[in-house]
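Engineer: Protein chains in written order, with the working numbering: chain A, 250 to 523; chain B, 86 to 783.
The hints are simulated quantities; they were obtained by calculation from the structure and are not laboratory data.
There's no promise every hint is true.
[To be verified] Footprint (simulated), chain A over chain B, 3 or more residues, beta carbon under 8 angstroms:
#1 106-112
#2 560-572
[As the list claims (entries may be wrong)] Computed beta-carbon distance windows for the label pairs:
#3 A/Trp431 x B/Ser239: 37 to 47 angstroms
#4 A/Leu326 x B/Gly577: 32 to 42 angstroms
#5 B/Gly163 x A/Leu439: 25 to 35 angstroms
#6 B/Arg591 x A/Ile370: 31 to 41 angstroms
Just so you know, even glycine gets a beta-carbon here, dropped at the ideal spot from N, CA and C.
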Amino acid sequence: MNKRVLKSRPLVLGGFIVISVVMVAVFAPLIAPMDPNSQSLENRLSGWGTPGYILGTDQYGRDLLSRLIHGARISLLAGVIAVAVGAVAGLVLGLLSGYFGGWVDLVIGRIFDVLLAFPTILLALAIVAALGPSMTNLIIAIGVATTPHFGRVIRGAILAVRSRDYIVAAEAFGASDFYTMWRHVLPNVLPPVIVTTSLGIGSAIQTEATLSFLGLGVSPPTPTWGNIINDGQAYLGIAPGISLFAGAAIVVAVVGFSLFGDGLRDLLDPRVRK
Amino acid sequence: MNHIMTESAEVTTQSKGGYVLEVDRLVTEFDTPDGTLRAVNDVSFGVRPGETVCIVGESGSGKSTTMLSALGLIKKDGGRIAGGEVRFNGENLLRMSKERLRRIRGREIGMIFQDPMSSLNPVFTVGDQLVEAVRLHQKVNRAQARKRAIGVLSLVGVPNPEVRFDQYPHQYSGGMRQRAMIAMAIINDPAVLVADEPTTALDVTIQAQVLRVLAKAQKETGSATILITHDLGVVAETADRVLVMYGGRIIEQGDVETVFKSPKHPYTVGLLNSQPRIDENAERLKPIPGEPPNLAALPSGCVFSERCGLRQGREACTSEEPSLQETGESASHSAACHFWPEVRPPVHEQETISVRPKSVGENAPAETVLEVTELKKHFKTSGGLFKRGDKPVRAVDGVSFDLRSGETLGLVGESGSGKTTVGKAALGLVGNVDGTIVFLGKDIARYGRSHLRPIRKDLQMVFQDPYGSLDPRMNVRKIITEPMWIHGIAPGENGVEHLLERVGLRASIAERYPHQLSGGQRQRVGIARALGLRPRVMVLDEPVSALDVSVQAQVINLLKEIQAEDNIAYLFVAHDLAVVHNMSDRVAIMYLGKIMEIGDRAEVYKNPTHPYTQALLSAVPIPDPGARDGEGRIVLKGDIPNPSSPPSGCVFRTRCWKATEKCAIEVPALEDRLGIGHPSACHYPDVPQKNHSVTARV
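Work the whole structure out from these sequences, hints included.
Structural biologist: As structure tokens, this is what we get:
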């Protein structure tokens, strides 16, 4: 097992990035060289390499590196909680839909269809616009938008597992529906759930950044990667570093989670397992 | 052509004339994380025009890999040819350009695979694919190609070839698709025809049709045929010469008579002894111990040494690998065994009068545990929200039988006969059935799940697919104890170990996971799981059909032993008539949801009165080249009808040679019209003569 984990390059690289981002977010106050909100107007819009400001400053002279480090907290938190919400909702609905089939499946399936008909961003945008911009609403919006993705994956996995003989065998020796679902169905559909979660966090970070960029996320001055890009947008000509570094942070985090998810998928696939 | 042949004869001394395709010391390897596997090891053979060579072996024997390597198709699967030559008319196929090889494949060498659905392209009509096959290799125009295609379709017995030409593969039935594949393989008059398990996916009556078509196609084209199969019956039926493969090597070869009558390799003998036959009453099969070899861990010396009964601890078997030696039994018969002169011929028990160990019916009449009356199950196809569903599929349409403790009722039928549904329904695993299912005096047909739960432990099931029937995330101990835990039965001290011992597994297996076990071991675990509940009735749904012949015999013996000890009633659902013959006390023959004939095993096999039973029994290939009787065989015409719209009257009438108007109107009742002791559902039953003269055309 350990050997196989270490052999998988995507998993090792993705895992390294994911762990790094998490560590940065958790220990942000300790790592960040200064307070992300302390302004120093004489040093505003200085480029990278400026003494004291490794990545430079923004339009209020706030240290960009510190803001990015603190921004990781919001981006990650939004990503993880939103995906957790989506995963739990998707898991429950997917289980009901896949296991019971019939009209339950029909109703849940149509709801998923409707949600999937909207692009994720548009759906999240509509929800935030309706509820008003705030961290909580942002998470709800992303959670709702990701639910059908999870639901679909889980329903498919369950349909595949359901038709296996060991489920019939469980019925034949007298196991109840709930027991069978808990003991035989769920453990066998968890691998795709774990993989989807990991991939989902990447895209949730992107969605959060997009909404924050549009001003519908967390309100300033709290830094997030999305609103840092938004801040830098007006100064792209003078200080391109602001948007560039924030964008790079998003890319690295998303790539990290995607690689990690890909690696997990290979690792958990029983066909590859020895 | 001629001078090429002589040239090749100069290159190697082995080319003993006349081989159109010759494989010479072929070695194929696969690189895996665990090291290099040698799937084909030093294999040499040749085929002459008009000759049929069968390659027979169990899984992992290298029989398919040999031919894929020979035709340069192994790279796709990650294989590598590590040595040897494959000469087609003297030209080495392994060294020629891709372009040249492509021209030869398809033009000179036709190929037929096991699964015709994945071998035909679903988005083109069969006709288009045939025309393409012709025009790729011959300079003819479309009209000529079409004419040729229709001609070949009618040669392989596709009815209405002009209409069928314009249809897509999904509009063909399984048997028809295999014919289309054969048509495609022979359309360019190939010199060599390679067929890899061409009838394995087909029902036995369809297999009989396809084998006949294959023989006809070979006769027309005069091609050399290489047929790869695991089925000894098919070999005996078709082969001129046989190659027996094991662990990537040819371990015996020779003409079909010699290999079947006086084989000189212990493995060949073991294989023949493992195979149940409809013309023999073997009480216990004689399986080969152990499992087919794992290529990653082959024993040193002789590859068969670990399973061989002849070895008796002799050192030569483990120190030195035996090479093929001429035995003098017949020309070119050879076997790779150090001690081949000691090999005894396979045992035939045709004459022995069998005494069943449990002697059903001789003592006090056995108790009836299960009584099924007029069982019906119609599946509604759901049409979605805005569509209306199609006609219901009549999977089971009025089936009645009873089952006594300690006996085995074999339920035989081809695909779509409803046999599996009957098996599951008998256990209350199918909802919404009509009729009654009386288990020990209680009608459980309309019991809900909670009502059924306490009874469940008495009614257990063993499944066909050893891969799908065990939860991959549980170890063997958990798998076996789970049902007991649910029913509050304490497994007791060493309970799991004891159960494992009963099914012939070592106790150490308890901590393993299903993917670490072989197919045979998994099937044993499935049996142990069912046994833990001490059931009264067990439904065995094709429990051995996924296993290799040698392992299949082990599991059949095991099931018989368990029945004798625990007096369990078996409902044995299977399509293999030879296995059913060996396992059952009574048999019921099903067709399209109805029982056609039911009775004592020996009675039904000896005196089948229903035309379908007669055809079914006649279609089974017997693993004895002497029993080949192509003319007397009843080959049914057509396919099994769609169970959602079965024929009126007698459901079998569309394929029956006796059918009259009465058959279309009146449903024949299941009764003993001839007064010979067992009933059949036919208006015109008869007891066949030995050499049946009725031969329905293909």
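Engineer: So, for every hint listed, does it hold in this structure?
Structural biologist: Status of the hints after comparison with the structure:
| no. | hint | in the structure |
| --- | --- | --- |
| 1 | 106-112 | violated (count 0) |
| 2 | 560-572 | holds (count 4) |
| 3 | A/Trp431 x B/Ser239: 37 to 47 angstroms | violated (58 angstroms) |
| 4 | A/Leu326 x B/Gly577: 32 to 42 angstroms | violated (53 angstroms) |
| 5 | B/Gly163 x A/Leu439: 25 to 35 angstroms | holds (30 angstroms) |
| 6 | B/Arg591 x A/Ile370: 31 to 41 angstroms | violated (59 angstroms) |
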